[in-house]
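Enquirer: Here are the chains, one letter per residue:
Protein chains: 2
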Amino acid sequence: MDNFTFHNPVKLIFGKDQLAALPGEISTYGKKVLLLYGGGSIKKNGIYDAIMEELGKINAETVEFSGIEPNPKLSTVRQAVDRCKQEKIDFLLAVGGGSVIDAAKAVAIGAKTDTDVWDLITKKERPTDALPCGTIVTIASAGSEMNASSVITNWETKEKRGWASSFTYPKFSILDPTFTYSVPREQTAFGIVDIMAHVLENYFHHASNTPVQDGLCETILKDLVKTGPGLLHDPENYQYRETMMLNAVLARNGMLNMGYKGDWATHDLEHAVSAIHDIPHAGGIAILFPNWMKHVLDETNTERFAQLAVRVFEVSSEGKSDYDVALAGINQLRAFWNRIGTPEKLSDYGITENDMEAIADKSAAAKPEYGKFKKLTRQDSLRILRASL
Amino acid sequence: MDNFTFHNPVKLIFGKDQLAALPGEISTYGKKVLLLYGGGSIKKNGIYDAIMEELGKINAETVEFSGIEPNPKLSTVRQAVDRCKQEKIDFLLAVGGGSVIDAAKAVAIGAKTDTDVWDLITKKERPTDALPCGTIVTIASAGSEMNASSVITNWETKEKRGWASSFTYPKFSILDPTFTYSVPREQTAFGIVDIMAHVLENYFHHASNTPVQDGLCETILKDLVKTGPGLLHDPENYQYRETMMLNAVLARNGMLNMGYKGDWATHDLEHAVSAIHDIPHAGGIAILFPNWMKHVLDETNTERFAQLAVRVFEVSSEGKSDYDVALAGINQLRAFWNRIGTPEKLSDYGITENDMEAIADKSAAAKPEYGKFKKLTRQDSLRILRASL
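In the order they appear, the protein sequences are chains F and H. Number 103 in our numbering belongs to position 103 of the first sequence; there are no gaps in the numbering. Number 302 in our numbering belongs to position 302 of the second sequence; there are no gaps in the numbering.
Honestly, the hints are just simulated from the structure, not real lab data. What you are looking at is a predicted structure, and each value in this text was computed from that prediction instead of being measured. From the three backbone atoms N, C-alpha and C, an ideal C-beta is built for every residue, glycine too. Do not take every clue at face value.
Stated by the list, open to error - Derived BS3-like pairs: lysine-lysine, alpha-carbon spacing no greater than 27 angstroms straight-line: (1) H:K345 / H:K226; (2) H:K372 / F:K11; (3) F:K11 / H:K112; (4) F:K31 / F:K43; (5) H:K16 / F:K372; (6) H:K372 / F:K16; (7) F:K226 / H:K16; (8) H:K374 / F:K16; (9) F:K171 / H:K345; (10) F:K261 / H:K226; (11) F:K171 / H:K261; (12) H:K372 / F:K261; (13) H:K73 / F:K261; (14) H:K226 / F:K222; (15) F:K11 / H:K374; (16) H:K261 / F:K226; (17) F:K222 / H:K261; (18) H:K372 / F:K374; (19) H:K222 / F:K222; (20) H:K11 / F:K372; (21) H:K345 / H:K123; (22) H:K73 / H:K88; (23) H:K16 / F:K261; (24) H:K226 / F:K112; (25) H:K11 / F:K123; (26) H:K123 / F:K11; (27) F:K11 / H:K261; (28) H:K222 / F:K261; (29) H:K32 / F:K171; (30) F:K16 / H:K171; (31) F:K11 / H:K171.
As the list claims (entries may be wrong) - Computed footprint of chain F on chain H; a stretch qualifies when at least three of its residues, placed anywhere within it, have a C-beta under 8 angstroms from a C-beta of chain F: (32) 10 to 21; (33) 192 to 205; (34) 215 to 224; (35) 254 to 265.
To be verified - Taking beta-carbon pairs under 8 angstroms as the criterion, some of the chain H residues facing chain F (in silico): (36) M1; (37) D2; (38) N3; (39) F4; (40) N209.
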């Protein structure tokens, strides 16, 4: 292991009917709440009404900010920051998945300063304070509910930036698996890909002696491979929704990568793709990840690929070289993601050879070299992108 | 899973030379530090000098309180509380393993009130404040460095009480595996038993749908079974010390039992034993745990025992009943703990048939019924104790 610091102060409140904890949790922070949410599905599935009822119990004064989009935009964040200042908001309540929570984290640091929030995100200036924020999770996927990370897209400069601050840990996150029952099939499949990709980004590292972290990674991956297809057929299965929700949290709360840093090249490359074409993040990840794996796999680094193949996908190693075992594992991952109906090719989103150079430029502009397991350059980006067409 | 709340704000600072973080971590809390430690081994192995050097960098005014014993005593805690009040201490720095850290947690709540600390431990009164506390771990075992729990023994009433408070999470814990190099062979073996027992106490529950938690439990157990004997032969092996230190933390930081409560009957019974005879905690646990397992195992609850046997001890289930697989697993656990040289019988500590009734009385006085996986009574205590003679 490498040296590490782990400090995650988020209070996780997990299970059926845990929304009842909301009034008690919020009341320590103030009366005036900005409720942030997305496209309005929470008004159809009853979650909005249930939240308003709980907020009513403490006579919270609630201001609404809806319409936060997937791949949340800087322009949206800026509007919400202005709203916080106008309305003198005490507390941010983010209801949704990664996009809404990521946006809320940016709003939190933007609302307490006159500095433009993009300067904070890009680290030109450092945040020194933030509005407190709580989350109510309605999609198990990003795991943003139990970390300080956020991704915001600036469409003026076509930049998608991942960032974090010690000020942006949610104070609490309420995770009721029943709140994810109405997540559509495609979004559920994207959630499975997203969680697996977070685990896989961590799994590829060169630190020695990580048997316990490996075991946790493999346990989460195996569970998703085992239960994912069943969940897609039975979306109101409490047990499947519950483990998926827990897996999403564990994949991104910092526990998995105690003692090493993961690769994250595929996330960087996907950010370049979706900064040019506004495609679903997990769709991009599903397309790119197996191709990143095939691109970086070589005779010198087969070990972790082979371990993944054997332990997660139960590839038999009998009579096979490590390289062949590794390759079989990658093919199994692709087959699994195909089986749950996520896209395999960039062309599924209308991305063509004509877009390759622009995406590679974007990738190189954000980071000339990227990836920790294997350092990649613009030329590598192009090769992975073309293999993904 | 059952509903749960997880909230663990401890900052874990892990790895070689991480003591360098100490001045920065302490300086936010004040200048006057009470350094708590045990029998003085830290003066022999250089850890004391290294700490004093770091404290010197921030001109901390350090008061020492040494001699905290294994199974820390209420009388010792009371002395340290008085010392805090006399010296107007700002911060507690606990250097040691579970005993020193457990004592420091009690001192922390006792130092901020005129209420006697035993009334706080026994919940006659509620703590409302605590001195901040940090830890430097020198024994990987109890995992007290990343939770709010503590066990204190009152020798006036012969009661050993486990307790916790939201005020007693350490602010930070520094875990340098090299600080455990000089832990004697017997203490290292006890640490392995202690960590395994914490995992096993969690493992036996009746909640459904805990595949990820099971996987993490099994991963930790497998790692200790695999590396424990090697570590005992090679006590300065950094990798073995490092995973053991991480396993100790993960076994007790609340992650393992997200979504259920473990059994903890064996710990309750061991507390009754060591309230009468001051034996090493892990020695008592090593003796009692397999006998608890055999006592509660019956045809209706073989599943978790059999899962343990197959997944951790690689017992073949071919041609065997679940009950026989379960039993084979229990025997393997006993054999493993024997192999690392921990005691098998209460008589190894001079405990005889003459002590049985007194220990059973103590157990029944503390809790007339105990254990969550299977409810036990005084009669069960006697049977497990006699099987352990």
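Enquirer: Now tell me, hint by hint, if it's right for this structure.
Expert: Status of the hints after comparison with the structure:
1. Of the supplied pair hints, the one linking K345 (chain H) and K226 (chain H) holds, its CA atoms being roughly 24 angstroms apart against a limit of 27 angstroms.
2. A hinted pair counts as satisfied when its Cα atoms are at most 27 angstroms apart, and K372 (chain H) with K11 (chain F) qualifies at roughly 25 angstroms.
3. Proposed proximity of K11 (chain F) and K112 (chain H) is supported: the alpha carbons are some 26 angstroms apart, at most 27 angstroms.
4. Our distance criterion of 27 angstroms between C-alpha atoms is met by K31 (chain F) and K43 (chain F), whose separation comes to about 22 angstroms.
5. Restraint check for K16 (chain H) and K372 (chain F): the C-alpha separation of about 22 angstroms stays at or below 27 angstroms, so the hint holds.
6. Annotation: proposed proximity of K372 (chain H) to K16 (chain F) holds, straight-line Cα distance about 22 angstroms (limit 27 angstroms).
7. Restraint check for K226 (chain F) and K16 (chain H): the C-alpha separation of about 39 angstroms exceeds 27 angstroms, so the hint is violated.
8. Distance restraint check for K374 (chain H) and K16 (chain F): the Cα-Cα separation of roughly 26 angstroms lies within the 27 angstroms cut-off, and the hinted pair is therefore satisfied.
9. Distance restraint check for K171 (chain F) and K345 (chain H): the Cα-Cα separation of roughly 48 angstroms exceeds the 27 angstroms cut-off, and the hinted pair is therefore not satisfied.
10. Restraint check for K261 (chain F) and K226 (chain H): satisfied, since their Cα atoms lie roughly 25 angstroms apart, inside the 27 angstroms limit.
11. Taken as a hint, the K171 (chain F) and K261 (chain H) pair is honoured in the structure, with Cα atoms around 24 angstroms apart against an allowance of 27 angstroms.
12. Pair hint K372 (chain H) plus K261 (chain F) does not hold up; C-alpha atoms about 39 angstroms apart against a cutoff of 27 angstroms.
13. As the CA atoms of K73 (chain H) and K261 (chain F) are separated by approximately 42 angstroms, the hinted pair breaks the 27 angstroms bound.
14. As the CA atoms of K226 (chain H) and K222 (chain F) are separated by approximately 22 angstroms, the hinted pair is consistent with the 27 angstroms bound.
15. The straight-line distance between the Cα atoms of K11 (chain F) and K374 (chain H) is roughly 30 angstroms, outside the 27 angstroms bound, and the hint therefore fails.
16. Taking the CA atoms of K261 (chain H) and K226 (chain F), the gap is about 25 angstroms. The hint holds against a cut of 27 angstroms.
17. For the suggested pair K222 (chain F) and K261 (chain H), the alpha carbons sit about 24 angstroms apart, so the restraint of at most 27 angstroms is met.
18. Straight-line distance between C-alpha atoms of K372 (chain H) and K374 (chain F) comes to about 48 angstroms, which puts the hinted pair past the 27 angstroms bound.
19. For the proposed pair K222 (chain H) and K222 (chain F), the alpha carbon gap of about 18 angstroms is at most 27 angstroms, so the pair holds.
20. Restraint check for K11 (chain H) and K372 (chain F): satisfied, since their Cα atoms lie roughly 25 angstroms apart, inside the 27 angstroms limit.
21. Among the hinted pairs, K345 (chain H) with K123 (chain H) is inconsistent with the structure: their alpha-carbon atoms are about 34 angstroms apart, more than 27 angstroms.
22. A distance of roughly 22 angstroms separates the Cα atoms of K73 (chain H) and K88 (chain H); the hinted pair therefore holds under the 27 angstroms criterion.
23. A hinted pair counts as satisfied when its Cα atoms are at most 27 angstroms apart, and K16 (chain H) with K261 (chain F) qualifies at roughly 17 angstroms.
24. This hinted pair does not check out: K226 (chain H) and K112 (chain F) have alpha carbons roughly 52 angstroms apart, beyond 27 angstroms.
25. For the given pair, K11 (chain H) sits about 24 angstroms from K123 (chain F) by alpha-carbon distance, which is consistent with the 27 angstroms threshold.
26. Straight-line distance between C-alpha atoms of K123 (chain H) and K11 (chain F) comes to about 24 angstroms, which keeps the hinted pair within the 27 angstroms bound.
27. Between the alpha carbons of K11 (chain F) and K261 (chain H) the distance comes to roughly 18 angstroms, so the proposed pair stays at or under 27 angstroms and holds.
28. Only pairs whose Cα atoms come within 27 angstroms are accepted, and K222 (chain H) paired with K261 (chain F) is accepted, the gap being roughly 24 angstroms.
29. At most 27 angstroms may separate the alpha-carbon atoms for a hinted pair to count; K32 (chain H) and K171 (chain F) exceed this at roughly 31 angstroms.
30. Between K16 (chain F) and K171 (chain H) the alpha-carbon distance is near 31 angstroms, which puts this suggested pair outside the 27 angstroms criterion.
31. Distance check on the hinted pair: K11 (chain F) and K171 (chain H) sit about 16 angstroms apart at the alpha-carbon level, within 27 angstroms; holds.
32. A count of 10 residues in the segment 10 to 21 of chain H with a Cβ less than 8 angstroms from any Cβ of chain F is obtained; the coverage claim is therefore met, three being the minimum.
33. Residue count for the segment 192 to 205 of chain H with a Cβ under 8 angstroms from a Cβ of chain F: 0. That is fewer than the three needed, and the coverage hint is violated.
34. Taking a C-beta to C-beta cut-off of 8 angstroms, the segment 215 to 224 of chain H contributes 7 residues in contact with chain F, enough for the three needed, and the coverage statement holds.
35. With 3 residues bearing a CB less than 8 angstroms from a CB of chain F, the segment 254 to 265 of chain H meets the requirement of three and the coverage assertion stands.
36. Proximity of M1 (chain H) to chain F holds as hinted, the smallest CB-CB distance being about 6 angstroms (cut-off 8 angstroms).
37. A least Cβ separation of about 7 angstroms between D2 (chain H) and chain F falls short of the 8 angstroms threshold, and the interface hint therefore holds.
38. With its C-beta approaching chain F no nearer than about 3 angstroms, N3 (chain H) sits inside the 8 angstroms limit, and its interface hint holds.
39. Checking F4 (chain H) against chain F by beta carbon gives a least distance of about 5 angstroms; that is within 8 angstroms, so the hint holds.
40. Using the Cβ-Cβ criterion of 8 angstroms, the hint placing N209 (chain H) at the interface with chain F is satisfied: the shortest such distance is roughly 4 angstroms.
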